[in-house]
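Chain by chain, the residues run as shown.
Number of protein chains: 4
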Amino acid sequence: MGGLFLSGIIGVFSKDNQKVSNYIYYGLYALQHRGQASTGISINNNGFIDYEKNLGLVGDVFTSDVINRLIGNIAIGQVRYASYSEKKSKVNAEPLVVGYKNGALSICMDGALANYKELREMLEENGHLFQTDLAVEVIASLIAKYHKDSLIDAIKKALNEVKGSFSLIIMTKDSLISVRDSHGIRPLSIGKIGDDFIFSSETCAIECIGGEFIRDCDPGEIVIVDNKGLRSEMLLSEKKALCIFELVYLARPDSYIDNRYVYSSRFNAGEILYAECPTKADIVIGAPDSGTVAAIGYSKKSKIPYTEGIIKNRYIGRTFIEPTQDIREEGVRIKLNPLTSNIKDKDLILVDDSIVRGTTIKRTVEMLRNAGAKSVHVRIASPPVKYSCFLGVDTPNEENLIANYLTIEEIRKAINADSLYFISLRGLVEAAGGNNGFCTGCFTGEYPIERSKGE
Amino acid sequence: MGGLFLSGIIGVFSKDNQKVSNYIYYGLYALQHRGQASTGISINNNGFIDYEKNLGLVGDVFTSDVINRLIGNIAIGQVRYASYSEKKSKVNAEPLVVGYKNGALSICMDGALANYKELREMLEENGHLFQTDLAVEVIASLIAKYHKDSLIDAIKKALNEVKGSFSLIIMTKDSLISVRDSHGIRPLSIGKIGDDFIFSSETCAIECIGGEFIRDCDPGEIVIVDNKGLRSEMLLSEKKALCIFELVYLARPDSYIDNRYVYSSRFNAGEILYAECPTKADIVIGAPDSGTVAAIGYSKKSKIPYTEGIIKNRYIGRTFIEPTQDIREEGVRIKLNPLTSNIKDKDLILVDDSIVRGTTIKRTVEMLRNAGAKSVHVRIASPPVKYSCFLGVDTPNEENLIANYLTIEEIRKAINADSLYFISLRGLVEAAGGNNGFCTGCFTGEYPIERSKGE
Amino acid sequence: MGGLFLSGIIGVFSKDNQKVSNYIYYGLYALQHRGQASTGISINNNGFIDYEKNLGLVGDVFTSDVINRLIGNIAIGQVRYASYSEKKSKVNAEPLVVGYKNGALSICMDGALANYKELREMLEENGHLFQTDLAVEVIASLIAKYHKDSLIDAIKKALNEVKGSFSLIIMTKDSLISVRDSHGIRPLSIGKIGDDFIFSSETCAIECIGGEFIRDCDPGEIVIVDNKGLRSEMLLSEKKALCIFELVYLARPDSYIDNRYVYSSRFNAGEILYAECPTKADIVIGAPDSGTVAAIGYSKKSKIPYTEGIIKNRYIGRTFIEPTQDIREEGVRIKLNPLTSNIKDKDLILVDDSIVRGTTIKRTVEMLRNAGAKSVHVRIASPPVKYSCFLGVDTPNEENLIANYLTIEEIRKAINADSLYFISLRGLVEAAGGNNGFCTGCFTGEYPIERSKGE
Amino acid sequence: MGGLFLSGIIGVFSKDNQKVSNYIYYGLYALQHRGQASTGISINNNGFIDYEKNLGLVGDVFTSDVINRLIGNIAIGQVRYASYSEKKSKVNAEPLVVGYKNGALSICMDGALANYKELREMLEENGHLFQTDLAVEVIASLIAKYHKDSLIDAIKKALNEVKGSFSLIIMTKDSLISVRDSHGIRPLSIGKIGDDFIFSSETCAIECIGGEFIRDCDPGEIVIVDNKGLRSEMLLSEKKALCIFELVYLARPDSYIDNRYVYSSRFNAGEILYAECPTKADIVIGAPDSGTVAAIGYSKKSKIPYTEGIIKNRYIGRTFIEPTQDIREEGVRIKLNPLTSNIKDKDLILVDDSIVRGTTIKRTVEMLRNAGAKSVHVRIASPPVKYSCFLGVDTPNEENLIANYLTIEEIRKAINADSLYFISLRGLVEAAGGNNGFCTGCFTGEYPIERSKGE
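Going down the list, the protein sequences come from chains A, B, C and D. Everything in the first sequence is counted per full-length UniProt numbering, starting at 1 for the first residue and increasing by one. Everything in the second sequence is counted per full-length UniProt numbering, starting at 1 for the first residue and increasing by one. Everything in the third sequence is counted per full-length UniProt numbering, starting at 1 for the first residue and increasing by one. Everything in the fourth sequence is counted per full-length UniProt numbering, starting at 1 for the first residue and increasing by one.
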């Protein structure tokens with residue numbers, strides 16, 4: 001595994017210079033849930049590429065001065081999540097901007113390369129320098145290697161050497177190119193706004209800027225937009241394997257990915273959770289905010305009333321001073337506070353989207369018990385996570401995945417729940433639209449791509 | 001009307017200096033919903049009062065450097081909402097810190113004075129200067145006028161000259177004093193954490209810092225905490241008249257005010273809304289975020305499924321660049337985006353807490369219609385707002401209150417709803433606990449205090 | 001002594017709103033040497049007074065956003081030095097802006113009140129509040145006390161109760177008023193730019209904004225500018241007593257105060273220093289930067305070549321990280337570095353403007369000796385400072401004045417000079433123009449105003 | 001010409017981690033005059049390289065938080081001047097930090113490559129990417145190309161392909177290496193502090209941190225410091241050609257370069273200026289600040305008194321708001337103000353270090369005339385600049401060099417001087433130490449390296 005992780009990406013190709021950086025800015029706001037570590041925009045102004053990137057949220061990095069400075073007719077942008085293993089560093093913010101034989105290129109990516117280390121070593125052997133830890137720097141170096149070919153051929157040759165999950169947006173001085181890996185592991189959608197084209201990780205960004213969703217980019221498809229319009233070539237298409245976690249918790253509930261509504265997938269999972277394991281209780285609550293939609297679905301199916309159980313402070317921001325251990329021990333609850341009046345003496349169903357390390361759900365159960373819950377029955381809208389993703393989701397190492405080293409009954413005890421039930425994999429797939437075409441490796445260990453030995 | 005408006009206030013009296021500014025900081029985070037314009041903390045360190053106040057949110061104004069500098073055993077803090085008529089100015093941030101004949105005083109307040117102008121004119125006639133537009137500066141001047149009396153007597157005499165709604169917290173070099181107006185219009189609660197005492201606008205701040213709620217401050221009560229402990233005196237008690245808007249939308253749902261759970265009041269209002277006007281529909285949705293709790297109550301009573309209908313972007317922050325008119329017209333929807341899959345071809349119940357100007361609900365109905373709703377039935381969890389508050393809630397002038405100049409049917413047309421129903425006043429009072437003891441002047445025009453002529 | 005200390009003040013009265021805040025901004029830049037602790041501007045826009053003030057330099061506090069916001073036709077500004085005894089606090093930045101019976105007033109001041117404490121106690125006894133430690137707050141309270149009189153009469157009555165040194169600029173909604181104390185202790189000049197009038201502590205600010213110097217404000221004079229033009233009234237005129245330190249080191253060398261060129265006074269002092277005590281040496285150097293002008297004068301008279309001996313780093317700024325003790329001991333010399341090639345094996349005359357505590361000159365002599373000076377003869381362009389000023393110059397307490405507790409020979413030993421000579425008082429007065437009319441209390445103990453007992 | 005321009009560089013090799021970033025920080029402060037556009041530090045902490053670089057001054061970019069974070073035993077730093085042709089961009093801040101086959105490298109440089117474009121094209125042809133416009137990125141790529149050789153051999157081979165002026169400091173995980181081009185065009189000195197070694201553009205940085213100057217790095221010398229101590233290898237030595245502008249105005253007056261005192265060179269030039277063209281006048285003044293030292297030398301030789309003639313505002317900082325054209329036309333003189341009392345009715349000698357475009361000296365003469373000077377005789381301490389440097393000094397294109405298109409008499413008229421004299425080249429060389437060993441190409445057109453055709 002290598003390069004870096006979950007990201008939201010967006011690109012706009014326009015015939016004029018008026019609103020491009022605004023579109024990207026608002027689009028990145030809509031994609032902010034995909035990464036809060038760093039963000040950047042690069043923009044092409046008649047062949048000159050200007051850019052701004054930094055650690056921080058979209059609202060912090062881009063002041064109106066910066067957005068007004070970023071003028072041009074083609075632009076790409078990214079929000080990035082920093083992985084556990086990565087040092088937080090400005091240098092790893094994307095888009096990457098490079099010069100090579102054929103001019104300037106700017107690239108951003110959502111995904112991860114399984115053979116990042118091997119490729120980097122091979123390139124270094126050939127005398128290449130690296131200035132970041134980003135997978136896109138390897139990809140750019142491979143493209144530069146084939147600079148005597150046409151750009152599309154160079155991209156094809158470069159990506160043929162690469163193994164992994166990726167959605168890429170590439171900007172040149174006169175075109176905007178998107179590529180989705182051959183399994184379609186990470187999402188990538190195509191939209192239009194007037195005569196301008198948009199590529200975006202999720203449809204919510206297209207809708208938020210007033211655009212119209214056209215279609216998903218297909219697995220293995222290369223889509224090129226330039227002054228002649230939009231055209232498409234195929235890299236290589238393999239068995240579809242959309243990361244099912246996009247539907248479970250990564251994507252925004254108002255997005256629409258590969259013909260599935262994200263909200264409906266979660267809502268359906270809540271209904272199926274009840275159907276698979278019916279339980280009596282006074283109320284259903286969702287773990288804030290990740291379990292809310294499934295809890296509403298559970299309530300509908302079970303007819304057990306849905307209620308809010310925990311209030312989340314909406315003002316905790318970037319500059320929040322974390323409480324010291326000392327203060328924390330006195331019971332400070334800044335971010336979450338239980339709604340005692342709803343919880344006291346009640347039998348509760350607590351719904352969450354997944355259990356990874358088990359620490360958050362444990363604290364939530366404890367908070368509910370302290371607020372007087374009579375019983376807490378935990379229901380999880382995905383199967384136990386037993387394997388660590390190497391294709392773009394920053395799950396911890398397997399020794400830290402609670403379902404990897406404990407049985408379900410042991411997890412129940414560890415989190416102090418009265419009962420615990422995980423949805424079946426079949427149930428989850430059904431919730432997500434019923435047919436197959438998913439990567440479910442984190443539950444089964446079977447990934448569409450071979451894990452590199454070094455991982 | 002004068003002085004300034006809705007605020008959240010908190011004070012802590014401790015025997016030592018260890019955590020006081022931390023308590024205030026986290027308490028202000030919990031009260032942030034009561035005001036986002038400015039915030040401040042003043043703290044007493046052996047008679048020297050240090051303070052920090054500025055425009056902005058708690059997380060912006062207080063860095064860890066500032067909190068570490070603010071050392072002492074008594075402190076007060078405020079978050080403030082800036083009224084329509086007020087210029088946003090640092091000078092109007094509280095707490096006010098003054099020196100007078102008997103030393104230093106620091107004061108913060110939630111509420112508004114009906115006779116602010118008259119009092120300020122009288123004091124200016126006597127040669128007083130004013131450096132702010134704050135009601136507390138008038139109150140501090142009145143206390144200074146009686147500096148030959150004991151402090152408590154001076155406070156009593158000063159507040160006897162004052163008409164209005166107020167919860168006050170006053171810090172001297174060796175004591176912390178809270179006062180609630182004689183009608184108890186604004187809330188004020190008393191808590192304990194270990195041996196330390198807390199005063200706070202709402203119980204949520206006491207709970208969030210790990211404290212224990214003791215009781216509400218009574219209408220007209222002066223509560224004094226010093227090294228001898230807590231004692232109480234009465235200013236003047238009149239008919240109880242808690243602002244019912246605290247329960248409708250001002251307070252946090254997890255607070256508990258004058259023996260009422262805020263969450264339950266809103267949930268009950270949703271149930272009663274259905275009972276008063278039963279309507280058939282496919283789904284119930286809440287206007288984000290103010291209508292959510294009542295919508296859940298409506299769903300429970302009506303058995304019509306509760307669903308989320310609109311997604312709110314959680315990342316819009318302080319430095320958000322507002323879209324230009326140009327961009328807005330293209331349909332940019334940064335803050336709110338409809339969940340089309342839930343809405344399309346559905347008959348909807350849309351629940352909100354109140355209608356003031358009518359502009360927000362109109363935009364919400366339009367967004368739902370554009371997303372394909374078959375019908376939109378608007379249900380409001382408070383009666384029509386016909387009168388402008390002069391006791392601390394910053395409602396606009398009456399000519400801007402839609403219910404003041406339109407009939408309900410006219411409002412329905414104006415907001416383009418298929419039907420529109422407001423809960424009855426009797427229904428709202430029942431939802432809020434059934435008995436009386438409320439100020440409902442914004443619906444009826446009958447306020448517990450006479451409106452000043454200048455207003 | 002009380003209120004606060006050395007400041008630079010400026011005011012502009014214009015018929016239009018175009019450039020007033022720009023004039024003040026550039027004028028404050030020219031006056032920055034009079035105070036680096038805080039700065040502020042208040043401006044009158046048709047009766048509404050807006051302002052900005054904060055800790056920091058002019059360039060830090062006033063961004064172009066702020067200057068563009070400050071619109072109006074009358075404005076005043078200040079740069080302030082924070083005294084030793086004062087806590088650095090935003091609240092003590094001027095101009096003071098207050099509301100009183102007759103509207104808004106804004107005031108700034110250079111000087112200090114001898115009876116500040118008595119006046120403040122008297123006002124507190126009458127029920128007044130104070131929100132700052134500034135002398136101008138006392139003065140504003142006294143003006144408010146006489147609000148039934150005309151403003152000029154109120155100012156006269158207020159200032160009759162005040163003892164001390166002061167140059168004041170007062171802004172009302174339609175006029176700009178300057179006042180200089182009856183001895184003329186602090187400077188205050190009047191200028192014109194087109195049809196606009198300027199008051200300024202020093203002429204350099206008038207020149208820097210392209211204005212023309214008209215005349216000094218006379219001791220005890222009140223100058224009023226409004227739409228009718230400029231007129232003058234007398235408060236009370238007493239024996240002229242300009243603070244001679246203005247000429248020795250406070251004022252900028254290109255200013256012109258009470259008919260004296262500042263540069264010439266310092267240059268002359270250097271010439272007289274040589275005449276009074278002729279000494280042979282290889283080169284003359286000035287202590288950077290305060291001794292430069294006198295050193296040039298000394299060189300001219302003595303014909304001993306003037307040379308630079310110490311290089312000052314021009315880039316040390318506001319955010320400089322002070323070296324730790326550890327680093328300092330290794331001989332780090334960030335701010336000053338000797339020009340070894342000029343100094344080595346030379347007999348040096350080192351000229352400085354004054355010796356207060358003696359610590360700086362001691363370090364300078366040591367640096368020169370370490371760089372190989374054969375001998376260092378220290379020559380001081382003012383007599384020994386034996387008394388602590390209470391009229392606006394922030395000299396330390398007398399027990400910290402080296403000339404108060406050591407003889408000249410003892411000082412010479414303490415600073416490790418080969419010889420030490422202070423100019424005679426007669427010589428200094430001659431350098432400053434020859435006639436009398438100075439306050440020389442810091443050398444003689446004889447001040448024009450009685451020191452308050454509390455000091 | 002390519003890569004970038006005048007810089008100050010410094011490196012420290014220590015046996016421990018205690019003070020290295022402090023040394024670099026204070027050293028960069030001492031070198032700040034060599035570049036104010038951007039600055040950076042990279043530091044090696046047991047093989048991990050951390051760094052910080054940004055646009056701005058040393059005091060702006062490095063907060064104490066940053067310096068405390070930068071821990072390690074080897075570090076390098078740079079201050080950079082941005083050339084006319086370069087866009088101001090963070091990406092062009094040094095040190096460059098790269099990973100290549102043999103690990104991490106960090107490099108910074110003072111100088112410019114004559115064959116930058118050719119080398120970059122050749123490398124791009126081989127598939128290399130570039131992420132900056134820096135010459136050091138080309139050099140790093142060349143070193144990576146020879147990664148199978150030892151590092152010193154790789155550096156030698158890389159630099160053999162390079163033409164130009166450069167002083168380089170290279171940091172690896174266990175060594176610090178300095179290289180000076182074969183002509184010694186840019187300065188580079190070696191120092192010691194305790195057991196730690198220092199490389200620095202100028203000796204002033206060594207002295208300022210308490211270190212001891214050992215010797216200059218020789219032209220063509222590679223000096224390596226590691227745990228075994230300091231050793232030296234030769235790249236290639238050619239005819240010595242130190243840039244004479246280092247002595248004329250680039251270096252700090254307290255530095256010592258290739259056995260010459262910078263201060264003395266300038267002082268001598270002033271003396272020789274008078275000797276070559278004796279002129280009668282009342283006073284000598286220096287153009288601030290660049291002409292001061294030569295003016296003092298002129299005064300000594302001519303016996304015409306040296307006087308200050310123009311006061312420079314020492315507070316103009318980074319955030320200064322430039323006056324609008326409108327304001328400027330009224331005669332605003334924020335940065336410089338004439339000392340009218342010294343100038344009026346005087347015959348003046350005005351000394352400056354050089355004339356490049358002629359605009360500054362023209363404004364200075366005009367300012368002096370407006371202040372009443374009877375005559376202004378301009379004397380320049382370097383010959384006419386007729387050629388544009390391509391070896392590290394950012395002189396404008398030749399069509400903008402006033403001496404390239406006007407005769408001396410025409411320049412005199414253009415700047416409105418009563419007379420104008422430039423020192424002879426022989427006189428300048430004599431002032432700088434008498435013997436040869438200089439690059440004087442900007443006066444003669446004869447550079448030690450061939451100018452690239454593309455320039």
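Check each hint, because a few of them may be wrong.
Heads up, the list lumps identical chains together, so a pair's fine if it works in one copy or across two of them.
Okay, derived cross-link-like pairs now, EDC-like style, lysine to aspartate or glutamate, Cα gap no bigger than 20 Å in a straight line [said to hold, decoys possible]:
id	residue 1	residue 2
1	101	133
2	386	282
3	303	271
4	173	326
5	335	212
6	156	326
7	15	133
8	374	271
9	344	409
10	192	330
11	101	124
12	386	446
13	90	149
14	90	418
15	228	399
16	117	153
17	413	394
18	192	258
19	386	399
20	300	347
21	192	329
22	90	133
23	228	322
24	346	410
25	173	124
26	346	282
For the record, the hints were derived by calculation from the structure and aren't laboratory data.
Each hint tested on the structure:
Taking the closest pair of Cα atoms, residue 101 and residue 133 come within 20 Å of each other only across two copies (14 Å); inside a single copy the shortest separation is 22 Å, beyond that limit. For the identical chains of this complex, residue 386 and residue 282 are neighbours neither inside a copy (32 Å) nor across copies (39 Å), given an alpha-carbon limit of 20 Å. With identical chains, the CA atoms of residue 303 and residue 271 are at most 20 Å apart both within one copy (10 Å) and between copies (16 Å). Neither within a single protomer nor between protomers do residue 173 and residue 326 lie at most 20 Å apart by alpha-carbon distance, with minima of 56 Å and 27 Å respectively.
With identical chains, the CA atoms of residue 335 and residue 212 are at most 20 Å apart between copies only, with a shortest distance of 18 Å across copies and 37 Å within one. In this homomeric assembly, residue 156 and residue 326 never come within 20 Å of each other (Cα to Cα): the closest approach is 57 Å inside a single copy and 39 Å across copies. In this assembly of identical chains, the alpha carbons of residue 15 and residue 133 never lie at most 20 Å apart, being 34 Å within a copy and 29 Å across copies at closest. For the homomeric pair residue 374 and residue 271, neither the shortest alpha-carbon distance inside one copy (24 Å) nor that between copies (25 Å) is at most 20 Å.
For the identical chains of this complex, residue 344 and residue 409 are neighbours neither inside a copy (26 Å) nor across copies (42 Å), given an alpha-carbon limit of 20 Å. Within a single copy, residue 192 and residue 330 get their C-alpha atoms only as close as 54 Å, which misses the 20 Å cut-off; across copies the closest is 12 Å, which meets it. For a Cα distance limit of 20 Å, the shortest separation of residue 101 from residue 124 qualifies both inside one copy, at 18 Å, and across copies, at 5 Å. Proximity of residue 386 to residue 446 under the C-alpha cut-off of 20 Å is restricted to the intra-copy arrangement: shortest distance 11 Å within a copy versus 64 Å between copies.
Taking the closest pair of Cα atoms, residue 90 and residue 149 never come within 20 Å of each other, the shortest separation being 33 Å inside a single copy and 32 Å across copies. In this assembly of identical chains, the alpha carbons of residue 90 and residue 418 never lie at most 20 Å apart, being 45 Å within a copy and 52 Å across copies at closest. Neither within a single protomer nor between protomers do residue 228 and residue 399 lie at most 20 Å apart by alpha-carbon distance, with minima of 52 Å and 43 Å respectively. Taking identical chains as interchangeable, the C-alpha atoms of residue 117 and residue 153 are never at most 20 Å apart, the minima being 24 Å within one chain and 27 Å between chains.
For a Cα distance limit of 20 Å, the shortest separation of residue 413 from residue 394 qualifies neither inside one copy, at 26 Å, nor across copies, at 51 Å. For the identical chains of this complex, residue 192 and residue 258 are intra-copy neighbours only, at 17 Å inside a copy versus 55 Å across copies, given an alpha-carbon limit of 20 Å. In the homo-oligomer, the alpha carbons of residue 386 and residue 399 lie at most 20 Å apart inside one protomer (9 Å), although the nearest pairing across protomers, at 62 Å, exceeds that limit. Within a single copy, residue 300 and residue 347 get their C-alpha atoms as close as 17 Å, and across copies as close as 17 Å, so both meet the 20 Å cut-off.
In this homomeric assembly, residue 192 and residue 329 come within 20 Å of each other (Cα to Cα) only across copies, at 16 Å, whereas the closest approach inside a single copy is 53 Å. Proximity of residue 90 to residue 133 under the C-alpha cut-off of 20 Å is found in both arrangements, the shortest distances being 11 Å within a copy and 19 Å between copies. With identical chains, the CA atoms of residue 228 and residue 322 are never at most 20 Å apart, being 53 Å at best within one copy and 33 Å at best between copies. In this homomeric assembly, residue 346 and residue 410 never come within 20 Å of each other (Cα to Cα): the closest approach is 24 Å inside a single copy and 44 Å across copies.
For a Cα distance limit of 20 Å, the shortest separation of residue 173 from residue 124 across copies, 17 Å, qualifies, whereas the shortest one inside one copy, 27 Å, does not. In this homomeric assembly, residue 346 and residue 282 come within 20 Å of each other (Cα to Cα) only inside a single copy, at 6 Å, whereas the closest approach across copies is 29 Å.
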